[in-house]
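Undergrad: So you can see what is in the structure, the chains are spelled out below.
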Amino acid sequence: MKKLFDFDEILFGADYNPEQWPQEVWQEDIKLMQAAQVNCVSLGIFSWAKIEPNDGIFSFDWLDTIIEMLHQGGIKVNLASATASPPAWLCKKHPDILPIDIAGQTLWPGSRQHYNPASESYRSHARRLIGAIAKRYGKHPAVISWHINNEYACHIQASFDDESARHFRYWLELRYEEISHLNRVWNTAFWSQNYESFDEILPPRKAPHNPNPGQLLDWKRFWSDKYVELVEMELAIIRELSPGIPVSTNLVGEQFFFDRRALSKNLDYVSWDSYPDPALGLQAASRNAMHHDFIRSLKADRPFVLMEQVNTQVNWRAINSQKPEGVMRAQSFQAIARGADGIMYFQWRQSKAGDEMFHGALVPHLGAVMPNGEETRAFREVRELGQELKNIKSIIGSIQKPQVAILYNAESHWALSLPSKPASIDTIQCIETWHKAFWNDHIDLDIVHPDDDLSGYKLIVAPALFMLSQTQANKIESFVEHGGKLICGYFSGIVDQNNHAYLGGHPRLLQKVLGIWVEEWHPLQKNECVTMIDQDCIKTEIHNWHELVHLAGAQAIASYDDGALAGNPSVTRNYFGKGSAYYLAADIDAPWIETFIISCIKKSGLRKRVISQAGLETSIRENDTHIFIFIINHNQSIAKADLASLSGTDLLSGKTFTGPIELNPQEVLILEIARSKSVHCP
Amino acid sequence: MKKLFDFDEILFGADYNPEQWPQEVWQEDIKLMQAAQVNCVSLGIFSWAKIEPNDGIFSFDWLDTIIEMLHQGGIKVNLASATASPPAWLCKKHPDILPIDIAGQTLWPGSRQHYNPASESYRSHARRLIGAIAKRYGKHPAVISWHINNEYACHIQASFDDESARHFRYWLELRYEEISHLNRVWNTAFWSQNYESFDEILPPRKAPHNPNPGQLLDWKRFWSDKYVELVEMELAIIRELSPGIPVSTNLVGEQFFFDRRALSKNLDYVSWDSYPDPALGLQAASRNAMHHDFIRSLKADRPFVLMEQVNTQVNWRAINSQKPEGVMRAQSFQAIARGADGIMYFQWRQSKAGDEMFHGALVPHLGAVMPNGEETRAFREVRELGQELKNIKSIIGSIQKPQVAILYNAESHWALSLPSKPASIDTIQCIETWHKAFWNDHIDLDIVHPDDDLSGYKLIVAPALFMLSQTQANKIESFVEHGGKLICGYFSGIVDQNNHAYLGGHPRLLQKVLGIWVEEWHPLQKNECVTMIDQDCIKTEIHNWHELVHLAGAQAIASYDDGALAGNPSVTRNYFGKGSAYYLAADIDAPWIETFIISCIKKSGLRKRVISQAGLETSIRENDTHIFIFIINHNQSIAKADLASLSGTDLLSGKTFTGPIELNPQEVLILEIARSKSVHCP
Amino acid sequence: MKKLFDFDEILFGADYNPEQWPQEVWQEDIKLMQAAQVNCVSLGIFSWAKIEPNDGIFSFDWLDTIIEMLHQGGIKVNLASATASPPAWLCKKHPDILPIDIAGQTLWPGSRQHYNPASESYRSHARRLIGAIAKRYGKHPAVISWHINNEYACHIQASFDDESARHFRYWLELRYEEISHLNRVWNTAFWSQNYESFDEILPPRKAPHNPNPGQLLDWKRFWSDKYVELVEMELAIIRELSPGIPVSTNLVGEQFFFDRRALSKNLDYVSWDSYPDPALGLQAASRNAMHHDFIRSLKADRPFVLMEQVNTQVNWRAINSQKPEGVMRAQSFQAIARGADGIMYFQWRQSKAGDEMFHGALVPHLGAVMPNGEETRAFREVRELGQELKNIKSIIGSIQKPQVAILYNAESHWALSLPSKPASIDTIQCIETWHKAFWNDHIDLDIVHPDDDLSGYKLIVAPALFMLSQTQANKIESFVEHGGKLICGYFSGIVDQNNHAYLGGHPRLLQKVLGIWVEEWHPLQKNECVTMIDQDCIKTEIHNWHELVHLAGAQAIASYDDGALAGNPSVTRNYFGKGSAYYLAADIDAPWIETFIISCIKKSGLRKRVISQAGLETSIRENDTHIFIFIINHNQSIAKADLASLSGTDLLSGKTFTGPIELNPQEVLILEIARSKSVHCP
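Residue numbers (our numbering), protein chains in the order written: chain A, 3 to 684; chain B, 3 to 684; chain C, 3 to 684.
Some hints here could point you the wrong way.
A pair holds if it fits inside one copy or across any two, identical chains being indistinguishable in the list.
DSS-like cross-link-like pairs, simulated, lysine-lysine; straight-line CA separation at most 27 angstroms [as the list claims (entries may be wrong)]: (1) Lys528 - Lys657; (2) Lys95 - Lys141; (3) Lys642 - Lys657; (4) Lys5 - Lys403; (5) Lys137 - Lys5; (6) Lys605 - Lys208.
Read the hints as simulated data drawn from the structure, not as lab findings. Source: prediction; values computed, not measured.
Please build the complete structure, drawing on both the sequences and the hints.
TA: The following block contains the structure:
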């Protein structure tokens, strides 16, 4: 068990921006926070200009006041490093901090995140700022956590200016040492791109045609490293001045611009901002579950924090649907089910003005209370959730322990997203297809890096794992040899870590374990579809992609029934050592995948604890003494599950459940089961 | 009665660009103009380079000649200030006049309107040019009107260069005096955007994310003021050198980039360029009617001029449909019906070359007469209309006097168009929905500013009037209190003049008069639809938007029948003082709106003079002695109307009509009725 | 008969880039080439950086080695001038060679073709490079052809920088001599665009609105001339140092950015890169046939070379379909059928890395041979084709002699593609409509310039020949007068060579020969359709465009049956001299066009040698002694043809065919018929 904070409650609160309001509102805020069961606020995220109104001139009075007011009110502070949005004076004095886009255009101040992450001017001023803040509040009793920057890279993924070009060259020189090495890795012999010295290298700026893919991939790696450097820079200062206080930064779920595994490595915990689109209905729930698993797996040994969500409606989509009654609650419990020990919102009080004045908040324009004396729904749903969280403190510090893992590698993702493939394949979409199938089958899973320790899993899935090193391939082979099950998706293992294609039959390094090789890739046009037929004579449609596979030891367990490749294998199985390895050579429709998974699961010795129907999410957390089974009905209708012989007490209602049960729309059960009682404990 | 010109005819003619043709063509032009009944031409609109071929060197001989030829031919001149397109020498000598776009890119010469409206180089050269022209021709007997510039802002709405930045800062300093005031209004505490001095402020150039909305709104206001300054600059010079001659500038119907009310304030009359797309069929007619009403309402006490239209086919749409036979005539009479005392075209003679060589003209490439001796349709339809206009001189100077007004405020329009709303709402589309319903119901109306005098109206409509000041709200409340009817659309009264949201329940300042408050906005996705049911059990569909409304004195006259808000009010009525106020909380389908209007009209004591079927436009002009009822059939089939006891003489045919009548497609009646005879005079 | 090379085989090979591979691979390459029947490779296309790794330092050792190895292996070399992609050192030293786009943005190095074709820095370095290469290898016995640059202008069509602006001004001064002449031609009186001197002229850079069309058209002409200059520059050097060796450059089929006729004028032969999209099915075949005809007609007196195609799958479309088995072979024979004496591929060995690492190749990643010892399909299909080509050497040097020509003029194409037309008309799409109808009717044709000699043809078609000079019109009139048939499509003959509209009734210069004039253009919206009815009472649909035509001697052979122009002629015929001239005033659906052609063909005295069904391509090459009838089944099913009394020996199978025959999908016949035997010889 690993508690994140020196605090006995589930973190519950919001971004708080008191600088937007006169002081008379602050007193009311504290009272309303207490009413809403808020126990923590994120403070100062966009306060650089307020804290340092002029170069080196710091103004802490207002921050002293509000932190003290919060402390007196019993509300903890997740204090920001305030580096997310440089003030106007800094941009005027050091215009070199402004990012330059791929076409050479300056991105000017006036919104937010208008800094080149590689800029030394930005970094030196950021360091001074963090130092001042951490020194002043590093040991304040209200401060239980640090919040570095905000949603790194969500607007700026790179800057193409000359300073960044210099940093890039230096980074390349460290990586390759000799220019001939770089020329070989980038294959600059192609299109006459040879470099005689590192001095000749430029960022991949706007060009007549596709730039060198080696250059593009290293450019992505370089910027990922720049973001990791920023985190390390802030961490070092905070750790020195605020020892023992945990530090995190809030990630964006849908964004993979930097290597989140590398960036999270030295953080104390991971946290993210979750904004599923209510208009997506059930897909919002399944996709959100995937992002929770992505984030949790970055530090699988401890809980994470849901750092931002909205209670009602965001303002940045083209059409911003409201969350229906109960959905915010169900999604909050979903976060907890998948490992969160904190539920936070953006933001506490809705802004009167500014770009996010129509973003939902705990206290809306209308107020916590309406003219007729009733609570607004916005406020009521939050307050009620806050009260419920008091009842589930026993889950704090418990974690998930899945037996299944999906492999994800940011570098493979980036390499696959470069132009000029047989067809474009979206790594995350491939992962979502698999994740959703497991989610529908009620199987918990991790999303891990192929370099991670895989020995604890019984089944691993590699969907479009385009890039694969020899070491990684060896590990996968060994995993199967020792009894693991491998499911390998199409277009995997194509290139090495230099993005060089393996020769001699894809996926070269997995030929042995899979018992096949691929001769041709056959992408399908949008209006094309072929059919496959499996051993049980079930026919299933294939879209987007299929491959010509040759067997070399494996058996076909399904074959194409029509199209250019009719009669050839579409899915193969190879027994290897004590395990077995499947290859899916095509983009097969989801229902077949779900059925396939169930059969694999059975063969892997995994068993489902709860039999539920689709749209009922079940997920398990555990600690040394208990397991906690979460059952959440994301459907808009009543749904059924069967606990069989399991028996547990729902932490929310206090009632005991066993056998067949029914859940209303958005209903949530959290069954606590003592380990000694449970016959199914791992 | 207010005659625009010292001239006893309806203005009839076209833009005339003799500089594109050798002098031998000019003589033929005069004769053809006479044949076509043309009595006025707009001259010199794009002649800067011809008038001032080099810096300070003026060449007037050619202009002297053609003006004299026109004068001798009995054709009046609407003389241009020629400032619309700066010559090449000016751009080469003063490249600072070129506009810079939001991304920092120069907009180069070679087309037209390539000047930064704030540029002092542009302004000083423009002043010298106008001075020279006005001095030379200001008292010429042929000149009956001045034509300032051309379609202001149709390509350039702003320039983001450094000179404009300086002007913007100066404008802001005048507006806010203290930087702290600006910080408060722009809410720069959000996203760390605080300014320590006006010097730090930049135009809202390309940025990583949405710029501050206060900055964006003031940027729009600033540029609107710059355009008003340009008009005032030209006006002052012309008024001094050409006293008594009326001045106008041709507006673009569909464009609202500057505040047209402010810009028109000191002009002698308003005029506009009307290019409805023939491919739109009946919608072209209803939309065109709306734009006529927008323009006429800018100076409601006098007629306006239709400064440009095409007789056949334009060249700037992707696919340029021809106007079918009769449509140009019907749309010309529509302009007159809604207040025009002039019908002008672009252009007299079709260009042989240049970007608009395929834009229709009165004399096409083929000529006025074809090889077989017949007139081209292009020429014939114009000539025939010119002859008809001789018969309707009695309408000159008469005006419309509607009893209904739609409220429009350019600043509200701009504020609502900024990003980050619950969903995007198009002010003009909302107005068009209402206007079209009134048009279908045969009710004339004005489109006025909420600061205008509303006391003459019986019914006012506020569609998506997002911004509302306390003064405006007071006036609306008083209007209802004294017996007026108010129809208020959704998402109205949300922000004050600083674009700050009102707190405590939208629409805050209209809560009393409407007897309701709104708790939540529920935009609908494109594929979503909910149903409402009214007091008569009529069910109607709702798209795009609906709101959760609470009653506080009002009654629900319709409610949602399904969806997230089922059972809640969708339309409310509140009796207030001697009047009543309706709130429509949703984007309700058009047929219900039309029925609703008819019922409101009846209750307001308004009465329709003519009962007509849809697509038959009826509109009324009046003067001290007569009313003129226009009836125009825009349908492609015969349409019916019932004059009931009305009896009038058609100015076009000389026939008298009463009781039920029928009109052929494109047929037009203009019934003149002496006031003493009419029982229905207001 | 005109043989292209001093070589007795059909050229068969590929782009070869040995610099991407270590030398140990080269030896294997030679052996595999021999196995694949490869007899020639294109070498050095992207080798500038390898040949000249630093300014003026040349490195030929590697090239000496590989050329010698190829020579020893009996493989000929098509040697590149290597100027397609400037090395990094050159861009760093002379950044002025980088192209600047219309918005002022630099196009940076890192991909390919990053040079401004007008740059003197580029040209001087290119000259030195070509000189060095041609000097070293100009007389090497392996070198049988020169390959200038690569796919000119495929990414860069123009550069808007200041150096180019100076060249443009100089070019204009040569063309117009007096600025007043330019002002007249560009009609700069429109929109105040007058120039006082050439110094004031700029490239048509990004502007507020459409630039002057005269400027735009001359800008296209200027850049076309710049590309012609580059070819002439390289030609002069190569001709001096490598006398007698033929020179070409590989054109891009779908691109018409420069005047390919002018550019090809002094080349020894034309060649092109053909990449039909397999996803288009039968349309890929018919469109490809058109591009072959476009290219062949550039030098109609001799064969051409298919310089690049792919055997399997490209990498640069969004979704890259595989060529099904047999399609590559059928398309190769299609090229030969339409005049090719060489079949080359991109590329020999698939790259391991670089932008085109997923572009198909003769030796794929998997290799020529698979782990199970079988050949890969990629390699096998090539090898088999290479073997077949040995059997058809007798066709070398034979040519097509069509009796039908479609007129195409690049300047007309460019002028018609400028903005601001009644609707946008795509010249190539119009030509494709006609070409496909002839292809379906099994009629060979040329695509020639209106300035070319037309006297050898019996039928000429002018589809959307927007620009027409007096000389060209005279020639067409004379062609008809002397017995030719003319089919003239809509919107032809509208402007003269200065892009000035003719006055007095379009198409002015063809009024006499056509016996009609056009009064109005009526484009149709996407959802509009009208019907026409012909003399045989057949009704056919019309989309996109129709015109109002007046008869002046011609007869209507079809008329509009509905729509705005109902009752007016849609197709007319005029007997003129000994010939006749048709005018098609509308975009009539394809089936009617095919039937119409058959009827015209009959009347022209042309006869089809082979009666075949649709999708069966038939085409004829001939020399002094034989004719070669190609019959290719592009359908996916068996297709029938009737040779009637023709009897010939299939060069591929050695069998003799006559009377009715059947062809399997992708099957190819090449019937050789001795002239003395053939009753149908021309």
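Undergrad: Now, for every hint given, state plainly whether the structure supports it.
TA: We went through each hint and held it up to the structure:
no.	hint	in the structure
1	Lys528 - Lys657	neither (51 angstroms within a copy, 43 angstroms between copies)
2	Lys95 - Lys141	neither (33 angstroms within a copy, 56 angstroms between copies)
3	Lys642 - Lys657	within (17 angstroms within a copy, 73 angstroms between copies)
4	Lys5 - Lys403	within (16 angstroms within a copy, 75 angstroms between copies)
5	Lys137 - Lys5	within (25 angstroms within a copy, 77 angstroms between copies)
6	Lys605 - Lys208	neither (52 angstroms within a copy, 57 angstroms between copies)
Violated hints for the displayed structure, listed by number in ascending order: 1, 2, 6.
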